[in-house]
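Please build the complete structure, drawing on both the sequences and the hints.
Here's the letter readout for the chains.
There are 6 protein chains.
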Amino acid sequence: MTVKRILIIAPHPDDETLGLGGTIAKFSSQGHEVSILVVSGHLPPLYKQDDYDITVSEAKKAFKILGVSNSHFLEIPATLIGDIPVNELNNKINHVVSDIRPHMVLCPYPDRHIDHRLIFDSAMVATRPVGVGKKIEIVAAYETLSETHWNAPHIEPNFTPNWVIDITNHIEKKLDALRCYKSQVSEFPGPRSIEAAEALAKFRGTQAGFGFGEGLHIIRKLS
Amino acid sequence: MTVKRILIIAPHPDDETLGLGGTIAKFSSQGHEVSILVVSGHLPPLYKQDDYDITVSEAKKAFKILGVSNSHFLEIPATLIGDIPVNELNNKINHVVSDIRPHMVLCPYPDRHIDHRLIFDSAMVATRPVGVGKKIEIVAAYETLSETHWNAPHIEPNFTPNWVIDITNHIEKKLDALRCYKSQVSEFPGPRSIEAAEALAKFRGTQAGFGFGEGLHIIRKLS
Amino acid sequence: MTVKRILIIAPHPDDETLGLGGTIAKFSSQGHEVSILVVSGHLPPLYKQDDYDITVSEAKKAFKILGVSNSHFLEIPATLIGDIPVNELNNKINHVVSDIRPHMVLCPYPDRHIDHRLIFDSAMVATRPVGVGKKIEIVAAYETLSETHWNAPHIEPNFTPNWVIDITNHIEKKLDALRCYKSQVSEFPGPRSIEAAEALAKFRGTQAGFGFGEGLHIIRKLS
Amino acid sequence: MTVKRILIIAPHPDDETLGLGGTIAKFSSQGHEVSILVVSGHLPPLYKQDDYDITVSEAKKAFKILGVSNSHFLEIPATLIGDIPVNELNNKINHVVSDIRPHMVLCPYPDRHIDHRLIFDSAMVATRPVGVGKKIEIVAAYETLSETHWNAPHIEPNFTPNWVIDITNHIEKKLDALRCYKSQVSEFPGPRSIEAAEALAKFRGTQAGFGFGEGLHIIRKLS
Amino acid sequence: MTVKRILIIAPHPDDETLGLGGTIAKFSSQGHEVSILVVSGHLPPLYKQDDYDITVSEAKKAFKILGVSNSHFLEIPATLIGDIPVNELNNKINHVVSDIRPHMVLCPYPDRHIDHRLIFDSAMVATRPVGVGKKIEIVAAYETLSETHWNAPHIEPNFTPNWVIDITNHIEKKLDALRCYKSQVSEFPGPRSIEAAEALAKFRGTQAGFGFGEGLHIIRKLS
Amino acid sequence: MTVKRILIIAPHPDDETLGLGGTIAKFSSQGHEVSILVVSGHLPPLYKQDDYDITVSEAKKAFKILGVSNSHFLEIPATLIGDIPVNELNNKINHVVSDIRPHMVLCPYPDRHIDHRLIFDSAMVATRPVGVGKKIEIVAAYETLSETHWNAPHIEPNFTPNWVIDITNHIEKKLDALRCYKSQVSEFPGPRSIEAAEALAKFRGTQAGFGFGEGLHIIRKLS
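Chains as they are written, first to last, in numbering that gives the first Met the number 0: chain F, 0 to 222; chain P, 0 to 222; chain R, 0 to 222; chain D, 0 to 222; chain B, 0 to 222; chain G, 0 to 222.
Errors might be hidden in some of the hints.
[Claimed, not checked] Taking lysine to aspartate or glutamate and the EDC-like style, the derived pairs with C-alpha atoms no more than 20 Å apart in a straight line are: (1) R:133 / F:194; (2) P:3 / R:186; (3) R:134 / F:186; (4) P:47 / B:87; (5) D:133 / B:194; (6) D:59 / D:82; (7) G:133 / R:186.
[Unchecked claim] Some but not every residue of chain D turned toward chain G, in silico, with C-beta under 8 Å: (8) 129; (9) 163; (10) 164; (11) 165; (12) 207; (13) 221; (14) 222.
[As the list claims (entries may be wrong)] FRET-style restraints, in silico, Cβ to Cβ: (15) B:84 / P:131: 45 to 55 Å; (16) B:84 / R:133: 47 to 57 Å; (17) P:189 / F:2: 34 to 44 Å; (18) D:2 / G:30: 19 to 29 Å; (19) F:44 / B:28: 58 to 68 Å; (20) F:186 / P:1: 28 to 38 Å; (21) D:74 / F:129: 58 to 68 Å; (22) B:90 / D:168: 51 to 61 Å; (23) D:28 / R:63: 43 to 53 Å; (24) R:168 / B:90: 55 to 65 Å.
Because the hints were derived from the structure by calculation, they are not lab data.
Computed from a predicted structure; not experimentally measured.
Glycine included, C-beta positions come from ideal geometry on N, C-alpha and C.
In structure tokens form, the structure reads like this:
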């Protein structure tokens, strides 16, 4: 088996688990190297440093459960990503891509949260099929509960998966990892509750022929 | 309160419950009149008459649970709807609309099943804002597990709801009604399993701010 | 009858009348409370303070004709909205939504005018189905003559209404209110002339089964 | 000046005037040759022969007002176009295109009326850029009041013009020609009333910088 | 290496080579089993039997060059596919899928040619993620010169690849196979000329980071 | 013949030749006046002044080959366009449009490069059908190799031409002009290689009925 390097770009700690917790657990259980790049977080001035530190420590517990190989935190204050010049944000993400030389890059779908849009844009630049980008076999965008489904229907892009990954054997790890994010997860019927995450996985899975699944929108596959 | 007449057009018995079981239970519990028009069914020559009779008797049990006021069965053989001249199918559906004079018409989303597409087309003709159609306050399309989500992404239209109905207090009736369709419902992880239907309702609901919901695509609202 | 609180977000004074003058008159004649939030205006440094003051006094006359209950002016200089940090603009609009606790929010369609896009984005954040947003029954976007129809066809989103409100009995008030905006309205065949506004209303109305109408794009309806 | 041959394909008599009456008058006043191909009509068995004969005689009066050079009536019964094998319908339309060798072909937008869709499909085949099709400089689709605007928003294609023709000097002829269609035109606020047609022309025109206009969707321009 | 079974559905002989000649050569050179299902052809009554026989013998030469493992010819007359009841066409294609149990199904993009649309529809039914369909790892649609690029822009779906296969080492075989289709290929600048096919491959390839490529639209990937 | 003034807006030197080199050569050979507005360039602080000077001198050679009448360089640093207030960028482009009073404006398609998007937005404002904009007969967007085809499929707008200009007699000039841009053009299989540009032209041309072509997306045509 060829070991693949998989880079998952998360706007904030928890997005990677919400969108791809089962997929991370699956890939790592198969021996692949999964790296997480967390771009932003609940940092001053809009949030307290403590808020951020809590989410990072929650993230590290989640990453351990899921079998993440490496993680990088760019520590850009949430909702202030637009204050950084575009070329600087691009450079930061480019550098990580150049270091990791991934076979697969999974990024957030551009949605209600402006950070997701700006990071999506930079990810699109960093994964262009030039230089190190020519070695990326697949670029895809994942959905994030409570943001992706709040895009305005038929005005903004609406998520429809063209790739579903069977996570039937990994749903428990996904939910366990999600439970680590005590500061982020809400009680049912909250849009980011454990029950909502499980329901989405069951919906995506059953419509694709298995029990639980995670859906992605493939942007570029090169073979 | 004004009693509203609501017409739900189902291609085959069970589509109304899959798509709108909770909504039917909700509307009927509020005193509104819900009529179901079942256009097609598992009839000869492609199916045995017995197959059809079973689904009709299942439907009648389900309708009772949900509180359906009236039901009409047009008895057109499934997957052979295209054999009927378009103007005849239009006439059949027009007649029902003219008889019921509904305030609301809910029809299937045009999807993988060709019957759903042809019935959608006829429903669009029958609900034009002319004649009896001028009194229709809302026309919307509902999703059907295992057909709507099999439309080809980004080639065929993909369902994104712009209307979610809170069925938190009616989810049990929806699932009970669905259980009546023993001949149609499959075991988990089947795409039409009880678990899949519950998961979809939980996903739609939590993303809209409540526990369980049913999603629709509004086509025309007149106020 | 339940009195509804309706919040209309206008980028600049006159957008609310161009898009929804008849609807405002209708809702207020029915006893509902209509609040207008005017976000921006022709303010220094790009415009003279006098220019702004004139449009505000025109707006107040128009609001009186239409029966507006409350109005709020955020006084952000037009075309400079992008200079405000996104989170501040979001906060300003959030506060108004929290104060009013509306049952309905009607905002501009994202179009040629960059202010309309930025305000649309903030309105989408403020009306998410969480907290006070869970009580909003409908979120919809209205069209603005001379901006909405200048979106690039098939590149940017193009307005097609899925909700038409019958304003046949209120068209005169709409046009009277529009005439108050002497500084904004141009002579026929200007794109914002009285004649153009009347023609659009007649076109939207007749295609929906009545004399005059105003079209909206429903983004989220919760029932 | 080069005289251009312009072919307008009308599903039924009156569609050409509703969609392009001003354009026909303009082109013919400039000395171009405008040919009308009327594909279908209110013929037996669904309609009486008399119904058809009336619309044809109305059409001939309208054509005279507009300055039409030639007209062809294929006499296929309305709403039964789908009964003709696709290759036969294609052949019929191909033959007319081959005979006329047009510089411009204007066809109906595929909309609520199934005849419009089938004729659109055949027109797309007949105008492919091969053989006689290589000489066609522009292929475009026009809108038809009361059918084009009844396409389901965001499920079926929705008309947005990318070409507007100034008919300010020809609006009277358009409305006069439309008045010839006594059997087809309804009183205001009917969706095909004279007032509705005038309102649409004023709306299209003012948004494009002139008084009255007709909108088209350009499909292929070759230069 | 796991040998994969790849099923390519071609509406008519030559579509498989135009769309996927390089991909077929690549997969077969890697040891995979490539099966071609040719659904239709130039058969009586619209064509002479001889016409058909020629294309079949051309196809067999092309298949040999490309290394095709198996081929099936359903022999349905071209442009008359719509005369077969939908359920029969579905059954025919279903049977082939059931026999081959493919890991990958590549079908035509629904485009200008009505046969391509009907076959696309049937392929979508045959590859649903149920039964044998659950073992299909990827379903994708390929482009066909002179048909796919004649879809009406912004009315019908327009092809944009999300998967590009590097055929740099197989472009010569693709062009050689295409040259076998003497009865179908035209001289430059014909839309199906060897030069056009090579240009498309070079365009798709260079935009994806290599010399020559073939583009596909992924419909469903299951992992 | 009426001499037309054609304004081509290029984000950076070479975009005009990549997208429209043949068209420029054709229009200028026909006696029309072609003006190029180059908005941005490889300027300090992100690039060295020398880098910029080289591209300008390359551009001037290319313009001479193509027969460009006038050129304007706004000299805004590349990828920093977003640092300029929107109203200033709009003013700069407005001024050029007002000076030239063009009959035709051709601008970049909004794509992967953020400069292209911002310039597209400003071009849309500058060409609105008001004032000098009422005299613009056509506004269209051209494609740029290696940026336009890197838009995310089915999330961002994807280029499909509705206008193809026959450049068969001008392809050599286009490629010669492109060769002037030594600092920008890469060797085959680079995405901006001479071979890639020629392949795209051959693909666009052959699908439109001629040898070589350049594709555009028409945004607004006024007649």
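Quick rundown of the hints versus the structure:
| no. | hint | result |
| --- | --- | --- |
| 1 | R:133 / F:194 | holds (19 Å) |
| 2 | P:3 / R:186 | violated (45 Å) |
| 3 | R:134 / F:186 | holds (19 Å) |
| 4 | P:47 / B:87 | holds (17 Å) |
| 5 | D:133 / B:194 | holds (19 Å) |
| 6 | D:59 / D:82 | violated (27 Å) |
| 7 | G:133 / R:186 | holds (16 Å) |
| 8 | 129 | holds (7 Å) |
| 9 | 163 | holds (6 Å) |
| 10 | 164 | holds (5 Å) |
| 11 | 165 | holds (7 Å) |
| 12 | 207 | holds (5 Å) |
| 13 | 221 | holds (6 Å) |
| 14 | 222 | holds (5 Å) |
| 15 | B:84 / P:131: 45 to 55 Å | violated (34 Å) |
| 16 | B:84 / R:133: 47 to 57 Å | holds (50 Å) |
| 17 | P:189 / F:2: 34 to 44 Å | holds (35 Å) |
| 18 | D:2 / G:30: 19 to 29 Å | holds (23 Å) |
| 19 | F:44 / B:28: 58 to 68 Å | holds (59 Å) |
| 20 | F:186 / P:1: 28 to 38 Å | holds (37 Å) |
| 21 | D:74 / F:129: 58 to 68 Å | holds (59 Å) |
| 22 | B:90 / D:168: 51 to 61 Å | holds (60 Å) |
| 23 | D:28 / R:63: 43 to 53 Å | holds (48 Å) |
| 24 | R:168 / B:90: 55 to 65 Å | holds (58 Å) |
Hints 2, 6 and 15 from the list above are not met by this structure, while the remaining hints are.
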